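Peer 1: For reference, the chains in residue letters:
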Amino acid sequence: MKPVPFDYIRPQSIHETCALLAQDAEARVIAGGQSLVPMLAMRLARPTRLVDILRLPELADVKQSGDSIVIGATTRQAAAERDPLIAAKLPLLAKVFPWVGHPATRRRGTIGGSVAHADPSAEIPLVALTLDADIIVRDVKGETSIKASEFFLGPMVTAIPQGSLLTAIRFPVWPQQCVGTGFHEVNARHSDFAFVCAAAQIALDDAGRCTACAVGIGGLGEYPVRLNDAAEALVGSDLGDEAIADAVATSMARLDIWGDLHASADYRRRTGGVLVRRAMSDARLTATARRQ
Amino acid sequence: MSTAPRHLRYVSTNRRVREDRRFVAGKGQFAADVKAANMLHVALVPSPHPAARIVAIDTKAALALPGVHYVLGGDELAGATDQLMNGLDTPQVRRFPLAVNQTRYVGEWVAAIVADTRAIAEDAAELVEVTYEPLPFVIDPEEALKADAPTVHPPHGSNVLLDRTFVWGDVERDFADSPKHLSFRVVWGRSSTVPVETFGITAAWDPWRELLDVWASIQMPKYADQIARALRLPANAVRVHQDIDVGGSYGVKRGIKHTVLCGYLSRRLGRPVRLIEDRLENMRAGDAHGPDRIFDVSLAFNDDGVIRSMKMRALDNAGAYAGRAPFQLGKPIGAIVGPYKIQSVEYRAQSVTTNKAVQEAVRGFGQSPTNYAIESAIDKVAAALNLYRVEVRRRNFIRKEEFPYLIPSGTRYDSGDYHTVVAKVLDHVEFKGLQAERDKIRQSGQLAGIGVAACLEPSGGNSSFEPLLNPKNTTSTWMESCRIHVDALGDIVTTVNTTSSGQGHETLVATVIGEILEIDPDKIRVVRPDSLESMPSNSPVGSRMAIMLGGAAFHAAQKLKQKLVAIAAHQFGAREDSVVYSNGGAATAQGDRRLSWLDLVTIAHRNWHLLPPGFEPGLETNHVYQVPTGGMLPTPDGRVQMYPCHSFEFHVVLLAIDPELGAPKIKRYVIGHDCGTVINPHIVKGMTLGGIAHGIGAALFEEFVYDDQGQMITQTFMDYLLPSSLEVPEVEIVHHCTPSPFTVLGQKGSGESGYLGAPAAISSAVNDALAPLGISVAKLPIRIAALGDAIAAARERASLRAAL
Amino acid sequence: MKVELSINGETRTAEVEPRKTLLDCLRDDFGLTGSHVGCEHGVCGACTVLLDGEPARSCLIFAVQADGYDITTIEGIAPAPGELSVIQDAFCEMHGMQCGYCTPGMVLTATALLRDNPQPTRQDIVEAISGNICRCTGYGQIVEAIALAAERLALANAPKNVPKAGTR
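Chains as they are written, first to last, in the working numbering: chain S, 337 to 628; chain A, 1272 to 2075; chain F, 34 to 201.
Fair warning: there could be bad hints in the mix.
Said to hold, decoys possible - Simulated pairs of lysine-lysine, BS3-like, Cα-Cα distance not exceeding 30 Å: (1) K1612(A) to K1703(A); (2) K35(F) to K1306(A); (3) K1834(A) to K1938(A); (4) K1298(A) to K35(F); (5) K1936(A) to K1711(A); (6) K1938(A) to K1711(A).
What the hints assert, rightly or not - Just so you have them, the derived chain S footprint on chain A, three or more residues with Cβ under 8 Å: (7) 1981 to 1989; (8) 1993 to 2004.
It is worth saying that the hints were derived from the structure and are not from the lab. Predicted model, so just to flag it, every value in this text is computed and none were measured. Every residue gets a Cβ at the ideal spot worked out from N, C-alpha and C, and that includes glycine.
Just chain S, same shape as in the assembly:
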């Protein structure tokens, strides 16, 4: 299991990185390498060149920018896990880290790497999608952003244009007082990619009615999906168990769901509903707790 031969280059700036990527369509960006290197070892990825961005200093920041938190692409998962700003402002993201690989892979693995790798059942992309984060990409001409809802195109396929670099992810911070979050996952072993995982974030008003709702689910098919119609249906409700179950069932009925060695399509559909319900229930509980 040795990779194909490739060149290695460590550019000194984002601009230089983009220029390198623009020159060579077969070049691949590497940062923490925790997802890419196994693909290289199995020769499933066969780049001509690895462009190493891990040490570009401006990519590893976590900062508040207006009503969002911007997480630099090379922020280590372990660093994000410990980051007080993320813990305070992005509780949904903070919740998933214990599910991302092992401590040893989180120390090397990056936030941007996980999003760019786009495994359909990975946790960090699911959170980005659920919150409809902006994926910020740069090319030699400048910076643009892609909505997470338009970013994940298939297993390990994203909307990053050729010649562009994912530099950061801008997660919206909800302004409401009573925000609650929930995340649930089922897998064979704790550290594996999920068979199915579900994330939910809600806000409640003083009366306990839902004023905002975001629900996402991973592992069902080619990319994680956001249950927009379920979320819409639940806004304005008091998030009763039945309301949640109905909204989720209706929303999921439209999804195309796959089965594989580890779990049948039926299993994924059923547990998808269960996990969303549990995530919503946790979200309701945490939001309610903040109300008191």
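Fit chains A and F to the known structure of chain S by using the hints.
Peer 2: For chains A and F alone, kept in the frame of chain S given last:
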């Protein structure tokens, strides 16, 4: 028979395991750590088809790559070597390291590349162009039995390697006389031991000495002989370096084809050649898969739960070549009734070839699947009669006073006290409390179950299954040896004549010799001679080394002690039986004269004039130890003494299942374990805990899965799931010691402990949890999603019924 | 490409292909064979080394990426030839291994854990080693060894013999 010292100083004490020091420092010497000058590296071209004719192999592009030295195809290798040995008499099931004309499973080696580095060899492997003509294939063993099934080896005439029915006792009468009967099927999915180290080997042919040096991560009886035979070399031209540390094996590190391949290439190219399997090669074509079985079982029993007779059919999917897979149906014959007094048995053992990868010996050599089938049967009897599962076991157990106990298939069990072990475990877990805990979990909305399993670990590794299943094989010894040498300064060197893969053999021999000679084991040097300098060994298979290496060391030490006593008696002018040996020295009965260890050693090494007449100078003894109770060939009706010793284990598991997700969680795990006299408690504990973890893997996670296209879809550790520390619970061990009357210190084997009962126990727990839903699972591994689907279907049926 | 690496406190250089992992480089170029090859795809943890004191899989980083880190391999853990660290000694005391193949990774992981968390609970230990597969022991004696090491380190206040985490 046993002449054990009365007071044990070193045996059974919590002494450190001497091997550990080098490992914690990273100073083990594993196969991949060997570096030979001018060494070349091998990578392999795998077959993408489950069955295909090889039309052509174009090696031009591969050979043109800089750094590539050679590309070897199956024709050349088959022309220059003899086919690999089959266990059974199946000469038309021909196997060579590289496929010849045809491939028979996905991943099978089609060509070997030799290059300056492994990376270059892999680059070149991609450049070898093989033209295939796909052939019909068969994956399912029941399909493979059908008359119109594609035959994996057409010259053999069918896919059947073995189909033999044994009848021990009057089965039909017992069935006719019994008031109750039941039948069922359980399936054991194909898994294996999957050591963290893959198989690795370096072979170096020295043309000037005409000697093939081999460094390999091997655990295999008669390895050097098999290599020599296939390479058409005299056996004394193959030197296996047995001081290599093996990074886990539990049976599978056999590597015959790897070694023949590298041995041939080294001779062909005149340079050392090494092949370290990568994980993909290991998983798909390492010849290292385990049993893959369907059991159909029928029982005849009384109203009180006493089982009178059993019919068992075991159909094993051997994979593409014969190997030792069929023998893994033979070994369980030595404990075919488990710990129970079943008076008659019909056993049909069927082994068929299919287009899956090849099996090799796996921990327990077929016993764990068989135990799973037997224990499933006991649970079903309990369910049928509405009796407690433990009670049914108690009613059927062989009683302590009935040992040695002859089972219908010809093995005499050595000793045991099953009722006491079970009582101790139930007491330890407070069984009523455990049931209350289960019920509490159930009330909280989860499913919960208690699993129980009782089983035997036949130990002392004999090979009686060989003559039993292959009449041309007349092997009746499976000896193990030990040599002790004392140098002129009085320091002791002893030998282990095989490799180790974590069993602590160096600690074992030092402990036993220290015990007999009454000398601190830490002062004893243990070496592993190469195969040319070694005494006969059959390697650590069949849970045998405590018994066999321990036995050899014991006798070699007794002989040494006897020599010292004789030397002393000669000096004292006394009779040998009046001399008192203690702490390495010898004294007269009155204690008026005493010679120290060094005095005696000096006489042996330097004072010919003081030696008793006829004594050889120097101080060395050796002993070749025959398997206790072994030595007989099978009777014509298929009865044979299989292994000498039978350790006992009793598992109790509490497990909860999330009913919506199907995810099981082990809440408590207790095992009662009786392996007779324990030589090193640390080692036995580790074996037991490790065996349970491995059994949890087989029960819940691990499987080599083939899709309907014959592709193996679990080639990496992302799909073949090994339990991590998060999946293995803290295990409580309840000890008991029933010494074996057949061994030197009363010891029995423990190398397979835990693993032999854990899958049955987990399955029992899951089925207890599912019982309220009226369903059960009958296939291992029990995948979360399959469990979830079954629970959902049962609940749906129940709600439909409720609605009616 | 030429790489200059800081390994166990020494600067070492080698000429490597970019595709060579740190693991292969440690083993082939520097003879540090205590780091073991298990899966080469980041699951088993047999290749664990410390990068700036943090456990990392050396099969998932290329040698050309590894400059600038303080790399600690198992060979850098023993205080002197023939002398064991407290953690290594505890592994021997409890027989926290069998075949020894996963052991270096376990020892390194435990070394980092006990530096950061001197009084770990059983669950802390179990989680810390969950990325290191052991096929022999079922983990029980490994967990016991780490717990014993924690106890002894607390009593002895002995130096933990690991480099401090670097700035990166």
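Peer 1: If a hint holds in the structure, say so; if it does not, say that too.
Peer 2: So, going through the hints one by one against the coordinates:
no. : hint                 : result
1   : K1612(A) to K1703(A) : holds, 27 Å
2   : K35(F) to K1306(A)   : holds, 23 Å
3   : K1834(A) to K1938(A) : violated, 56 Å
4   : K1298(A) to K35(F)   : holds, 28 Å
5   : K1936(A) to K1711(A) : holds, 15 Å
6   : K1938(A) to K1711(A) : holds, 13 Å
7   : 1981 to 1989         : holds (count 4)
8   : 1993 to 2004         : holds (count 4)
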